[in-house]
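Student: For the protein sequence lines, the chains are A and B, in the order given.
Read in order, the letters of the first sequence correspond to residues 1 to 115 in the working numbering.
Read in order, the letters of the second sequence correspond to residues 1 to 114 in the working numbering.
Computed, partial: chain B to chain A, Cβ under 7 Å:
| id | residue |
| --- | --- |
| 1 | 42 |
| 2 | 43 |
| 3 | 44 |
| 4 | 46 |
| 5 | 49 |
| 6 | 100 |
| 7 | 107 |
Simulated coverage check for chain A against chain B, where a stretch passes if three residues somewhere in it have a Cβ under 8 Å from a Cβ of chain B:
| id | segment |
| --- | --- |
| 8 | 42–50 |
| 9 | 97–107 |
Below, in silico cross-link-like pairs of lysine to aspartate or glutamate (EDC-like), each with a Cα-Cα straight-line distance of 20 Å or less:
| id | chain 1 | residue 1 | chain 2 | residue 2 |
| --- | --- | --- | --- | --- |
| 10 | A | 55 | B | 97 |
| 11 | B | 61 | A | 103 |
| 12 | B | 101 | A | 63 |
| 13 | A | 41 | B | 85 |
| 14 | B | 49 | B | 20 |
| 15 | A | 64 | A | 22 |
| 16 | B | 101 | A | 59 |
| 17 | B | 49 | A | 103 |
| 18 | B | 96 | A | 59 |
| 19 | B | 101 | A | 103 |
| 20 | A | 64 | A | 88 |
| 21 | A | 64 | A | 52 |
| 22 | A | 66 | A | 22 |
| 23 | A | 55 | A | 65 |
| 24 | B | 49 | B | 88 |
| 25 | A | 20 | A | 65 |
| 26 | A | 14 | A | 87 |
| 27 | B | 49 | B | 85 |
| 28 | A | 66 | A | 88 |
| 29 | A | 41 | A | 87 |
| 30 | A | 20 | A | 63 |
| 31 | B | 101 | A | 52 |
| 32 | A | 20 | A | 52 |
| 33 | A | 41 | B | 88 |
| 34 | A | 41 | B | 8 |
| 35 | B | 68 | B | 8 |
| 36 | B | 96 | B | 54 |
| 37 | B | 96 | A | 103 |
| 38 | B | 49 | B | 64 |
| 39 | B | 68 | B | 20 |
If you're looking for bench data, these hints aren't it; they were derived computationally from the structure.
C-beta atoms are modelled at their ideal positions from N, C-alpha and C, and glycine is treated no differently.
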Amino acid sequence: GAVVSQHPSWVICKSGTSVKIECRSLDFQATTMFWYRQFPKQSLMLMATSNEGSKATYEQGVEKDKFLINHASLTLSTLTVTSAHPEDSSFYICSARSPGLYEQYFGPGTRLTVT
Amino acid sequence: AQSVTQPDIHITVSEGASLELRCNYSYGATPYLFWYVQSPGQGLQLLLKYFSGDTLVQGIKGFEAEFKRSQSSFNLRKPSVHWSDAAEYFCAVGAKDSSYKLIFGSGTRLLVRP
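Build out the structure end to end from the sequences listed, making use of the hints.
Tutor: So, in structure tokens, the structure goes:
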């Protein structure tokens, strides 16, 4: 149980284009989903928290107009990187939390490369 | 401010040897504490968690961790390491509020010698 998937697992896009990453909770309903960014050999940095049906809450320093988060249903959240630039290249990881539980369950991550 | 410190960037142990990964936290009260493992191509997997009660918690894959309030530590241990344990290990602190946010340490990469 508690499986979270991400799609795509790897994406390459050209500078200036937008890319959408999907995060799905496969066998539970996720009240809250989180988006993280992980640089090589570094820890996870929380970017934003999204609650179903509400606007996402972004961490300080994260550009909300660049990283658009939508949590339209209890099993799906999307992260759209708009007007991507090479510095946005990174490993993006989502996690989901089900109602009544504290712990987060993580997706396998999406490697974004902007050329 | 909350923070998590994992002082060891890399640790190398021989297969069959015991393991201890260190984690220290800074928080105003006793936080929720977690250990996650990250293997290449896989998502972070929860090894164990501490919310309250018995300070020695058992997790999956033979791991255990001990919460020591006086030392603000939550070290991860395993009595006998297997080659498949080679991975990145993250300690995390969870705020006791409605945000459910986790703050992660910088991680410790475990290498296992055959």
